[in-house]
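> So the chains spell out like this:
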Amino acid sequence: MTHPYIPNAEPGVRAEMLAAIGAASVEEFYADIPAELRLNRPLDLPAPFVAEQDLVRHMEGLLGRDTGTDRALSFLGHGCYPHYVPAVCDEVNSRSEFLTAYAGEPYEDHGRFQALFEYVSMMGELLEMDVVNVPTYDGFQAAGTALRMACRYTGRSKVLVSAAITADKLSKLRDFLAPDVEVTLAPVGRDGEIAVPGLDGSYAAIYLETPNVYGVVETRGRELADLAHAHGALLVVGADPISLGVLAPPASYGADIVCGDIQSLGIHQNYGGGHAGYIATHDHEPLVAEFPSRLFGIAPTKVPGEYGFGDVFYDRTSFAHREDGKEWVGTAAALWGITAGVYLALMGPQGMREVGETVLARTRYAMDALARHVTVLHPGAVHFREFAVEVPSSAALLAGLRERGIYGGVPLDGTTVLVCVTERHSIADIDRLAAAVQETL
Amino acid sequence: MTHPYIPNAEPGVRAEMLAAIGAASVEEFYADIPAELRLNRPLDLPAPFVAEQDLVRHMEGLLGRDTGTDRALSFLGHGCYPHYVPAVCDEVNSRSEFLTAYAGEPYEDHGRFQALFEYVSMMGELLEMDVVNVPTYDGFQAAGTALRMACRYTGRSKVLVSAAITADKLSKLRDFLAPDVEVTLAPVGRDGEIAVPGLDGSYAAIYLETPNVYGVVETRGRELADLAHAHGALLVVGADPISLGVLAPPASYGADIVCGDIQSLGIHQNYGGGHAGYIATHDHEPLVAEFPSRLFGIAPTKVPGEYGFGDVFYDRTSFAHREDGKEWVGTAAALWGITAGVYLALMGPQGMREVGETVLARTRYAMDALARHVTVLHPGAVHFREFAVEVPSSAALLAGLRERGIYGGVPLDGTTVLVCVTERHSIADIDRLAAAVQETL
Amino acid sequence: MNPAESFAKLPVAPKPPLRRFHQARWDEPIIFELSSPGRRGVAVPEPGAPAVELPDAVRRAAPPKLPEMSQLHVLRHYLRLSQENLGVDLNIDVGQGTCTMKYSPKVNDRFAGMVAELHPLQPEETVQGVLELYWRLERMLAEISGMARVSLQPGSGSAAIYANIAMIRAYHASRGESHRDQVITTMFSHPSNAACAKTAGYEVITLMPDAEGLPDIEALRAAVGPRTAALMITNPEDTGIFNPRIQEFVGLVHEAGGLACYDQANANGILGITRARDAGFDLCHFNLHKTFSTPHACGGPAAGACGVSEELAPFLPGPVVGFDGETYRLETPAASIGKVRPFLGVTPNIVRAYAWIMALGAEGLRQVAETAVLNNNYLMHRILDIPGASAPWGRRRVEQVRYSWQELTEETGVHSEEIGVRAADFGVHYWTSHHPYVVPEPFTLEPTESYSKEDLDEYAAILAHVASEARSDPAFVKEAPYNQTVHKIDMTSLDDPAEWAPTWRAYVRKHLA
Amino acid sequence: MNPAESFAKLPVAPKPPLRRFHQARWDEPIIFELSSPGRRGVAVPEPGAPAVELPDAVRRAAPPKLPEMSQLHVLRHYLRLSQENLGVDLNIDVGQGTCTMKYSPKVNDRFAGMVAELHPLQPEETVQGVLELYWRLERMLAEISGMARVSLQPGSGSAAIYANIAMIRAYHASRGESHRDQVITTMFSHPSNAACAKTAGYEVITLMPDAEGLPDIEALRAAVGPRTAALMITNPEDTGIFNPRIQEFVGLVHEAGGLACYDQANANGILGITRARDAGFDLCHFNLHKTFSTPHACGGPAAGACGVSEELAPFLPGPVVGFDGETYRLETPAASIGKVRPFLGVTPNIVRAYAWIMALGAEGLRQVAETAVLNNNYLMHRILDIPGASAPWGRRRVEQVRYSWQELTEETGVHSEEIGVRAADFGVHYWTSHHPYVVPEPFTLEPTESYSKEDLDEYAAILAHVASEARSDPAFVKEAPYNQTVHKIDMTSLDDPAEWAPTWRAYVRKHLA
Ligand SMILES: Cc1ncc(COP(=O)(O)O)c(C=O)c1O
Ligand SMILES: Cc1ncc(COP(=O)(O)O)c(C=O)c1O
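Protein chains in written order, with the working numbering: chain A, 1 to 441; chain B, 1 to 441; chain C, 1 to 513; chain D, 1 to 513.
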């Protein structure tokens with residue numbers, strides 16, 4: 001049987017094509033592969049499910065064993081968030097034309113260019129910055145690249161990084177910056193915010209996140225911006241865009257580069273496969289010159305009133321100049337950018353404000369509800385979406401909750417649990433968590 | 001808040017539009033509705049879920065209580081069948097352009113016309129008939145209309161209907177034919193086939209189905225065709241197209257009108273919402289004149305090599321002539337027609353043969369497996385997809401199976417159960433059923 | 001990159017008033033022409049059990065000549081065809097008047113998918129969720145119509161009309177009044193009212209519009225009598241005019257012993273404003289694929305709902321869903337007309353309609369109605385500004401308007417249908433109206449609540465432009481389309497039995513042999 | 001209906017040799033231009049709890065100027081844009097050479113959806129299914145590459161290359177050989193090899209092709225030495241030529257104490273034919289979005305897989321999935337370089353790649369390879385028939401070919417890029433190739449196994465036609481496109497800081513103020 005995915009495997013066509021080429025067999029095309037490199041046996045792989053229905057059964061059997069957050073009450077966050085995904089987001093990103101396209105020209109792929117231009121433009125409004133990249137892989141990469149951009153821009157090779165970031169992200173930053181950038185950690189204050197550090201002229205940047213790993217909203221951004229600028233450094237801020245309907249955009253208090261992950265904007269948790277990173281700056285040529293990612297911009301066409309698009313300042317990239325470009329560029333996470341654009345267009349300014357207000361209020365409600373049973377850390381700070389609690393045993397608490405159908409949070413250590421509350425958690429959900437915590441303890 | 005579905009409910013726009021029209025308020029447009037007909041209170045409806053996420057929760061809560069055939073092992077058939085639906089079928093019928101279109105002209109809706117033309121054309125190949133309608137509602141309607149077509153064509157008003165059809169379909173036929181067509185039932189022979197009836201010149205048609213309600217493949221089609229024709233009547237055959245890769249198309253043994261349901265061709269069970277009816281004839285003008293449905297055909301355009309489409313013989317329809325058209329035409333089940341076309345194109349002749357062979361073999365395997373524990377009816381007949389078994393108590397057996405996670409079949413009466421086996425049932429599934437039957441008895 | 005010389009400057013000029021549309025044109029062959037032997041789009045599992053030998057009498061002799069294609073090629077073909085189609089999601093779909101082309105929320109498709117794997121004959125205890133949903137939707141539609149019970153079984157508006165007539169027939173029969181053999185309808189009621197009545201065995205009497213565009217009440221007086229089984233009427237009719245004397249119409253029919261049946265296929269403009277039962281109707285029906293937003297799906301699957309008074313309830317098609325305060329059950333009404341279609345109804349659309357109402361609530365439905373009516377009157381205001389367009393019988397309209405290009409046609413020779421085809425060169429379309437064209441050179445617009453003011457302005461601007469083209473260059477308009485998938489079609493062969501080709505098979509036989 | 005006079009006859013004439021394509025053109029404004037105050041596309045639930053007052057320092061002062069649109073209008077805009085885009089599902093996508101544009105089966109998207117609601121930090125016992133899938137895919141890729149372990153964490157091919165370099169760096173460091181500060185690559189290896197190495201702190205040495213189009217082995221001999229950290233090489237290179245001396249290359253590097261790292265982004269032509277480890281490589285990577293069929297998604301999300309020998313396994317990014325015969329667990333390799341991305345990997349694509357292999361099996365993968373290579377050689381045969389097209393360095397090719405229009409350009413002045421743009425007027429496209437253009441006027445075709453002979457014939461016919469147009473009317477070709485969504489773009493402003501507009505905000509400020 002000719003496999004449904006391989007039309008020219010049909011013997012008749014195959015013979016016809018070989019005849020047209022004048023080749024006796026496909027083997028001829030492999031003439032350059034030396035005999036000693038040839039694998040002279042079939043690959044040792046499981047027997048296939050050629051019939052689609054058999055494959056479906058297999059996959060349903062395999063993945064049906066998982067108990068997703070749709071079948072439990074989940075308060076897991078810590079870098080991947082269960083915000084509500086409007087159906088239109090999924091509709092748009094599952095369109096064949098977007099899902100299966102790649103890298104056509106701004107003509108036959110006009111739609112992709114416009115959709116991504118609109119995404120970066122909406123992000124620009126949210127961030128109050130004029131330059132936003134076509135997404136890089138994820139927020140980790142965005143932070144790493146933002147710091148490298150700061151180093152290249154300032155000509156320095158030291159960065160001060162807030163300790164209030166996830167261990168995983170720090171691991172990525174260390175590896176990514178390792179060869180030539182020195183990373184110093186700024187400690188976290190008792191209030192859960194970055195402690196205002198000492199700085200000198202050797203630093204390229206201060207990097208902090210808001211909300212930070214504890215869900216704490218950093219309030220001293222302006223002070224830190226002034227400090228950085230006073231020493232010729234940049235302020236680089238990691239911000240979750242979902243918060244920016246209510247929280248001040250970092251640019252407003254002096255951030256020079258803003259970066260983060262857009263998974264919260266209309267993208268499912270996807271077992272960690274829903275990430276995409278943004279990096280934003282002002283329209284300042286020397287800083288724009290340091291972006292490795294693609295930047296899309298409007299360009300006129302021969303026809304008045306027609307919007308064309310193209311690559312802004314392509315010469316920066318490794319596509320243009322290999323190792324002489326900035327870092328590298330390649331396939332990253334464009335479709336999530338389009339999706340986030342759809343999300344922002346659906347939400348509009350009101351929706352973004354409301355989702356922010358709802359998350360703030362429900363987070364606070366959850367903190368208050370849990371505070372009756374456990375110690376809530378940094379109770380005086382403004383929290384967005386996450387907060388940490390101290391418990392006798394993280395493992396015991398979480399196991400107890402799990403028995404009650406609740407994924408109670410992410411253990412930060414043996415006695416600290418990070419709880420995530422979004423607009424998808426109803427007040428009743430939070431009450432259920434609080435009751436279960438009480439029972440479990 | 002302006003509802004996301006109602007852009008002009010926004011007060012500013014609303015006021016602007018009223019001003020443009022010169023109306024003080026929307027009330028003015030209702031001037032023709034007398035005060036005594038006005039509902040002077042809000043409708044008494046449940047509080048809405050305006051936020052999409054709240055609606056999702058509500059719907060998941062409501063429908064999550066059902067245990068579908070994807071969460072049990074189901075042998076239910078009896079007019080609605082669990083054939084495998086290739087993913088491409090769902091992909092095509094969920095395309096916005098098809099899902100949300102209606103009744104444009106053959107220009108701006110060229111795609112719909114071509115897709116439906118191709119559907120009827122593929123059905124024509126399967127049926128070996130030249131005329132197939134754009135789908136009517138379902139197989140019930142198709143049978144009713146086919147019989148009315150036969151009556152109009154012959155000028156007679158009596159039909160002989162095989163008793164081997166479902167009670168529901170008979171109910172529909174009785175109601176639909178009631179005013180002016182007399183329905184006589186032909187008994188079922190001991191072999192499970194229609195008993196060859198007596199006929200006279202007052203009959204417009206003999207109607208039988210194959211496979212019939214017992215899953216029995218009727219073998220005396222030619223004889224019945226000759227009988228009908230000898231008396232100036234038509235042979236109308238109800239056939240499930242999924243069987244026609246292996247079973248002879250009724251036209252090949254003399255059927256004049258063939259009809260049925262296409263739910264088996266790539267359409268989910270949908271709790272009974274996946275039905276669409278087909279009617280087919282030869283290209284014989286007087287019979288074509290009796291179709292009430294739309295027929296789409298190829299027409300040339302101004303540009304050579306361009307396929308245009310349009311309505312064939314539109315003058316037949318109630319759209320053209322109201323009560324002087326044939327029955328009526330309206331919105332029916334076009335998207336399922338497109339879907340069935342996709343299915344047939346995916347399957348091709350080989351796929352249709354293979355699915356037929358697999359269903360035949362597994363049906364027989366299931367009959368043999370159950371025959372070890374219960375009495376299988378009509379064991380000598382060829383069965384396709386369904387067969388009946390006699391048991392001490394249908395209710396007891398089915399309840400017992402249900403406890404074991406099995407929907408064992410449809411009870412035809414207190415001691416007869418109809419079992420359905422398709423290509424989706426593995427041999428292991430059938431063995432599991434047989435074992436459970438044994439345990440239950 | 002190596003930018004050439006500059007030939008255009010930023011900023012981009014403002015867009016011109018009309019969209020420079022071109023529809024996707026893939027010039028696709030017919031699917032059979034894409035076939036190549038031996039290929040296939042999906043594989044089927046081996047039997048895994050002994051093959052069954054079929055007797056000659058039932059064995060297929062030659063394989064069906066279906067296309068043989070790999071999966072990508074099937075998909076690609078249909079995706080290309082899909083791009084060659086408009087739909088509510090793509091265009092300003094206000095031109096299919098009486099068809100209520102509204103937004104069908106995407107999230108509702110997801111809900112519809114939740115019932116995909118339910119079998120209609122599952123044990124009732126395993127389908128309490130979907131049964132409750134049916135029950136709740138029935139209760140909501142009962143409230144909206146004022147009726148006692150509602151059947152959700154019919155597969156469309158016309159099927160619901162037919163079910164209503166079947167109930168009317170059964171009702172009269174149950175009272176020994178089977179001599180009632182006439183149904184009265186109106187010329188501006190949907191043709192299915194007349195056609196279904198005729199199919200059900202009735203003689204059809206059609207009331208023509210009076211000078212005000214309303215069905216002639218004197219003609220009704222003349223028509224009613226002991227043979228009257230029912231009045232089947234739309235209101236507002238296809239004209240968009242609400243008949244203020246509707247209660248009188250109902251009264252006259254009731255006095256004669258007939259029933260009054262309300263075609264509420266499109267109730268979009270009067271949701272929460274006025275109800276069928278309150279005007280005295282005994283039966284009514286809704287199209288869930290219109291007012292209640294389920295998608296039109298290229299012409300179905302659709303769904304109809306029949307609402308009836310207490311008196312007619314025993315005749316409803318069965319089953320209906322009953323509720324004892326704890327459990328939902330399928331029940332067959334006492335004197336049921338039986339099945340009008342398989343099983344309980346077109347469930348995916350029942351689910352969508354339910355979800356749509358639940359997203360809006362009472363206040364939302366009222367906003368739907370008011371906005372639909374506002375949009376309609378606003379669009380009318382814009383259309384009537386176009387020289388050559390008119391709306392017979394003055395300006396009173398609810399949610400749709402039957403317009404006329406009579407004046408333009410007289411002036412230019414360009415017909416309404418031609419204007420519609422040319423309008424589609426700008427990415428929108430319209431439907432003229434049902435035959436016969438009582439309003440000359442008609443077109444029927446119904447903007448519903450889904451469209452924005454900007455949409456309506458764009459739509460009116462397109463028609464204004466085409467009307468002016470008709471004046472300046474009528475031949476150009478008549479030779480349209482230019483920017484769509486195909487060019488002007490010669491339809492003549494479609495009515496010629498020697499030529500017509502309703503399948504590829506017929507085409508090959510007649511034209512390629 | 002009232003058919004007019006006939007002007008065309010059946011049968012329809014045969015289709016002309018080239019498709020009369022026109023892409024959808026909706027002339028859409030930028031989304032901000034569709035905004036109207038107060039509208040919205042989706043509602044958010046009320047807090048249901050007391051509001052939190054934000055301190056001034058963190059409260060947003062002015063609302064973001066996002067568009068305000070109803071749901072249908074957002075959807076419509078994006079659906080229109082989607083129609084203005086090509087994709088594998090729509091076109092004969094053989095022109096993005098080295099990008100392996102193959103069919104991504106629709107059913108696999110459904111599987112991808114099954115992990116949508118999994119959180120990456122769920123307790124391991126609640127995600128045994130997806131962990132098993134990771135583990136199984138790792139085992140299969142290990143078999144396909146011959147490597148000991150495979151990380152599925154990287155988000156793309158380039159990210160996998162970077163992870164490989166990071167492992168190389170860690171490996172040398174662990175042996176006290178951090179003085180190794182050079183990476184050798186080749187000009188026809190993907191630029192990310194050079195760029196990632198540079199980012200990781202290495203000096204990059206690039207081998208140029210020799211007279212046969214293969215990387216110059218003498219140059220390699222000259223380059224290797226005590227500073228050599230690794231060779232990073234593609235094979236077959238972007239030219240499509242398999243380097244028969246690859247084992248020698250690896251040997252030379254090994255002798256110098258360096259590691260050999262194989263860019264197998266695109267292994268489509270050699271699946272089951274030859275394996276990275278068997279040629280002595282220490283590391284390799286696959287692009288799951290190429291060879292293993294996950295969709296390209298307009299440029300990601302993608303997925304990369306890093307395969308390594310036993311010796312390098314301790315350095316893999318963490319976590320990886322371990323299996324004790326009963327339970328699947330997340331484990332961190334002993335000397336892990338740490339995270340290269342959040343969590344475990346781009347799971348939806350891991351799922352798709354797994355399903356794709358499981359639909360094919362060993363025999364199917366071999367058919368994939370053989371058919372990809374057959375298709376490539378067949379297409380090359382057709383392309384080389386076009387006067388003006390050539391494929392430098394003879395006819396030996398595996399799954400792709402870097403062609404040249406040098407002769408045509410010399411004759412006509414029309415450049416490769418222009419030919420590609422004009423070809424898109426027929427519904428297909430191509431990519432020239434990576435900079436710098438070592439092959440003059442390049443274009444790179446890679447037909448993969450997904451396309452039919454008919455597709456390849458059509459593609460070749462389009463290029464032949466455009467080439468002949470270039471001869472007969474070069475200016476016409478240079479002014480293309482004509483049948484696409486937009487017309488010829490003036491790109492000059494994009495490189496001018498005073499003019500460029502990388503967001504709407506910048507555009508408004510610079511050009512509309
Ligand atoms: C007023 C009216 N009645 C009845 C119908 C018939 O509905 P359907 O097309 O669903 O059969 C329609 C729709 O076309 C209608 O607008
Ligand atoms: C040979 C080769 N290596 C590496 C890459 C980079 O992969 P990605 O685009 O996923 O970063 C590609 C794809 O462009 C490639 O073809």
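Treat the hints with care, as some may be off.
Pairwise CB distance ranges, derived in the manner of DEER restraints [to be verified]:
(1) D:Glu46 x B:Ala395: 46 to 52 Å
(2) D:Pro17 x B:Arg222: 31 to 37 Å
(3) B:Asp70 x A:His229: 57 to 63 Å
(4) C:Glu124 x A:Gly405: 37 to 43 Å
(5) C:Asp457 x A:Gly405: 39 to 45 Å
(6) B:Ala24 x C:Asp278: 23 to 29 Å
(7) B:Glu182 x C:Asp56: 32 to 38 Å
(8) C:Asp457 x D:Arg509: 49 to 55 Å
Simulated pairs of lysine-lysine, DSSO-like, Cα-Cα distance not exceeding 27 Å [claimed, not checked]:
(9) D:Lys510 x C:Lys478
(10) D:Lys9 x C:Lys9
(11) A:Lys302 x D:Lys9
(12) D:Lys15 x C:Lys9
(13) C:Lys65 x D:Lys65
(14) B:Lys302 x D:Lys478
(15) B:Lys302 x D:Lys510
(16) B:Lys302 x C:Lys9
(17) D:Lys15 x C:Lys65
(18) C:Lys478 x D:Lys9
(19) D:Lys478 x C:Lys510
Hints listed in this document are in silico derivations from the structure and should not be mistaken for laboratory results.
No residue lacks a Cβ here, since even glycine has one placed at the ideal position from N, Cα and C.
> Indicate, hint by hint, whether the structure satisfies it.
Against the structure, the hints:
At about 49 Å, the CB distance of D:Glu46 to B:Ala395 agrees with the hint of 46 to 52 Å. At roughly 48 Å, the beta carbons of D:Pro17 and B:Arg222 sit outside the given window of 31 to 37 Å. One distance hint, 57 to 63 Å for the beta-carbon pair B:Asp70 and A:His229, holds here, with the actual separation near 60 Å. Hint check: C:Glu124 to A:Gly405, Cβ distance near 27 Å, so the stated range 37 to 43 Å is violated.
At roughly 53 Å, the beta carbons of C:Asp457 and A:Gly405 sit outside the given window of 39 to 45 Å. Under the hint 23 to 29 Å, the C-beta atoms of B:Ala24 and C:Asp278, about 26 Å apart, fit the expected range. Taking the beta carbon of each, B:Glu182 and C:Asp56 are about 35 Å apart, inside 32 to 38 Å as hinted. Range check, C:Asp457 to D:Arg509: Cβ separation about 29 Å, and the 49 to 55 Å hint is violated.
With a C-alpha separation of about 45 Å, the suggested pairing of D:Lys510 with C:Lys478 is violated against the 27 Å cut-off. Taken as a hint, the D:Lys9 and C:Lys9 pair is broken in the structure, with Cα atoms around 49 Å apart against an allowance of 27 Å. Using a Cα cut-off of 27 Å, the hinted pair A:Lys302 and D:Lys9 is violated, with the two alpha carbons roughly 40 Å apart. Simply put, D:Lys15 and C:Lys9 have alpha-carbon atoms about 41 Å apart, too far for the 27 Å limit, and the pair is violated.
Taken as a hint, the C:Lys65 and D:Lys65 pair is broken in the structure, with Cα atoms around 58 Å apart against an allowance of 27 Å. Using a Cα cut-off of 27 Å, the hinted pair B:Lys302 and D:Lys478 is violated, with the two alpha carbons roughly 30 Å apart. Note on B:Lys302 and D:Lys510: the hinted pairing is violated, with a Cα-Cα distance of about 48 Å set against a maximum of 27 Å. For the suggested pair B:Lys302 and C:Lys9, the alpha carbons sit about 40 Å apart, so the restraint of at most 27 Å is broken.
As the CA atoms of D:Lys15 and C:Lys65 are separated by approximately 22 Å, the hinted pair is consistent with the 27 Å bound. Distance hint between C:Lys478 and D:Lys9 is fulfilled; the C-alpha atoms sit about 19 Å from each other, no more than 27 Å. Only pairs whose Cα atoms come within 27 Å are accepted, and D:Lys478 paired with C:Lys510 is rejected, the gap being roughly 45 Å.
Of the numbered hints stated above, those contradicted by the structure are hints 2, 4, 5, 8, 9, 10, 11, 12, 13, 14, 15, 16 and 19, listed in ascending order.
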